[in-house]
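Student: Chain by chain, the residues:
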Amino acid sequence: MEATGRRRAPLWRRIVGSDNVAGWSLAGPAIFMMALFSIYPVVWSVILSLERKNLLTGETQWVGWANYKALANDAIFKTALWNSAKYTALFVPISIVAGIFVAVAVNRKLRLMAFYRLAVFVTLAISTISTAIMFMWLADPDYGLINAFLHALHLPEQGFLRDTNEALYVIVAMTVWGWLGFVVIIYLAALQGIPQELIEAAQIDGASRWGTFRNVTLPLLGPATFFLVVWLTINALHLFDEIYLTTKGGPLYSTTVLVYYLFVQAFQNFAAGYGAAMAYVLFGIILVISIIEFMVGKRLVHYSA
Amino acid sequence: MKKMWLGLVTVSVLLATACGGGGGGGESTSGGPSGSAGGGPVEIVFWHGNSGQAGLECTKLVKQWNAANPDIQVKPVFYGSSDRALTKVETAVASGTYPDIAYLYGSWAANIATSPALLPLNDYIQNDPTFNWDDFWPAERYAATVDGKIIGIPALVDNLAIVYNPALFDAAGIQYPTPEWTWDDFRAAAKAMTDPANQQFGWAYPADASEDTVWHWEAMLWEAGGDILNADNTQAVFNSPQGVQALTVLQDMATVDHSIYIDTTNTKIGDVFNGGKIGMLVTGPWDLQGFKNVDYGVQIMPSFDDPSNHQTISGPDNWVLFNNGPERAQAAFEFIKWYTEPDQDIQNALYTATLPIRQSELDVAGYQTFLDKYPGIQTFVENEQNALKARPVTPKYPMVSEALGQAIVSVLLGKADAQTALDQAAQAANAALAAP
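Residue numbers (the numbering used here), protein chains in the order written: chain A, 54 to 358; chain B, 53 to 488.
Treat the hints as calculated values from the structure; they're not laboratory data.
One thing to keep in mind: the hints can contain errors.
[Unchecked claim] Quick list of in silico lysine-lysine cross-link-like pairs, DSS-like style, CA-CA up to 30 Å:
1. K122(A) / K448(B)
2. K467(B) / K139(A)
3. K131(A) / K344(B)
4. K127(B) / K344(B)
5. K467(B) / K301(A)
6. K467(B) / K448(B)
7. K112(B) / K425(B)
8. K301(A) / K140(B)
9. K344(B) / K301(A)
The task is simple: from the sequences and hints, build the whole structure.
Tutor: If you want it as structure tokens, here you go:
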């Protein structure tokens, strides 16, 4: 009898043929691109934030913490921080509440429901620039539809994007509208994942419709809400496009938010290091807020019925 | 077995893309092949922001050149909006592969002058007896020169004048603007045409605090006899009595007469004027093609106390050349010289309604066709003679402009009076000028 057992394949075959090689070579290109376009810039901007750098001349001067110290004394930066905080504090809760409301409203069997759902989701498909142009005209103080409406109702007309006290709220309204489709999609999926027997059991036990919603539906939407709060908060702190397209931070810095001010400093005033320092402050803020959100989420969110 | 092949295939694909990406990537970002060392044509890369009809005209001219010059082949690259061009050039220079020629706004001249990749053109222009640098308008030459260094060839020029809607003047029963108009006349006419019930305004002002907000006012500042910075660009002087006089016009019209449509988004003025709701704009020739519904008229800017002082502000942009070795540099210079000659520029102007960039262009064959095609454009051409001053050429100008933009908007919105706003802006500008 010959010795049993398969002959081992040559080493190169084993290497080329192994799961590891196949796996890594499939994932490799993506990892390489990730490293090149996200990890490298992340590290590079740490260094950048400690320098005074002009991207045009390549002139570089090591300044240590000077950029961060200058931020502490920058009145416009403080305004931007405050505006970002105010915006986030409005945008996230309003989006959540409006999203649940609309999702529940379209989670029913009605005639033409497909059309209503489409009408809600269409905001997802509309580009930011279209949304911006539409709102700029709707909210124009002199030619806008909203003021024409207010005028017809004999209500005081508003300045909207011309009024330093109102401009940020117009941006909130615009972005809530723009994101509504996304929030509703997530909630609608969560609503449809709620087992029908739980609702029925509550109803048999005599719970009112509000009671069922409050004590059964809402807790079961917890994971979706948690995801959305984290996601929307990060997005709110990243607000840029809508500002760039409409107010450019004005009037009089009333809509200058963090990322917009960062852009002005880095790309209009060519202070790349200062901009990078600002980006790291923003990173810290997002990190802290996300950690808090996760801690709170752990205590409040139930993942199973 | 199947798996092994998969591994082999992916490894080889990976290798192939890695090589291809490494080798080709560098070239494709530079926009084309580099100049050949031995024989063959020199290839140069030409970055422009012309889209639509202007883009077609631009490519047509380049094709014309390429057909006539087999040893210098130009590759046009559309870089998107010119608004962001400096960022793109910045990135290209930082990466070490940059175009030979790029269209850049004149307000960036002082910034681009600091780039080590820039090709100064003084010697090229001096050594070329047929170039005739003085044929360019004075404002263009000023904007292309930084501390005596010529940083680019003028690519486009424009200026501001009054564009008005005669129908609104007729309806209000007032005379059209004349070349002798003062700002008092302007204000009175705007007031007469303002009708809040019909959302009708005498004037419209871009109030997004951008350079667009600022340069409209800078023309007024010069007319009043003031200046933006002192002679050596170290100190703001715009908060002078002349500055206050110029800004007070805006203050009175916006907060007393309410005769200005203030657009804080700076996106709607053209449409509203075209809709027949605005009596007058102060704007440039680029807007004319958009006013299809208004039988507009054009008049030079009003004056202040000195009735002969009808200045304007000119916004010249440049073709900036970058140094990719002497061979490509010489080729780029020869091409751009040809491209900006009157015969070629008038072809561009015919389709894009831009003003002639050389004074001798007024004598070439196509010029009359150009005037006939664009009503009112002749006033803008002649108005270039009124561009007596230019914005200070300093890398700090963006910061000065930002401070002024906030001052002007705060006055328009009634948040501050002219003197206070200008004093505050001067303080911010001086801080920026003093910073390293």
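Student: With reference to the structure, classify each hint as holding or not holding.
Tutor: Hint by hint, here is what the structure shows:
1. At roughly 22 Å between alpha-carbon atoms, K122(A) and K448(B) fall within 30 Å of each other, so this suggested pair holds.
2. A distance of roughly 22 Å separates the Cα atoms of K467(B) and K139(A); the hinted pair therefore holds under the 30 Å criterion.
3. Between K131(A) and K344(B) the alpha-carbon distance is near 45 Å, which puts this suggested pair outside the 30 Å criterion.
4. Our distance criterion of 30 Å between C-alpha atoms is broken by K127(B) and K344(B), whose separation comes to about 35 Å.
5. This hinted pair checks out: K467(B) and K301(A) have alpha carbons roughly 19 Å apart, not beyond 30 Å.
6. With a C-alpha separation of about 26 Å, the suggested pair K467(B) and K448(B) falls inside the 30 Å cut-off, and the hint holds.
7. Restraint check for K112(B) and K425(B): the C-alpha separation of about 20 Å stays at or below 30 Å, so the hint holds.
8. Our distance criterion of 30 Å between C-alpha atoms is met by K301(A) and K140(B), whose separation comes to about 20 Å.
9. Taken as a hint, the K344(B) and K301(A) pair is honoured in the structure, with Cα atoms around 29 Å apart against an allowance of 30 Å.
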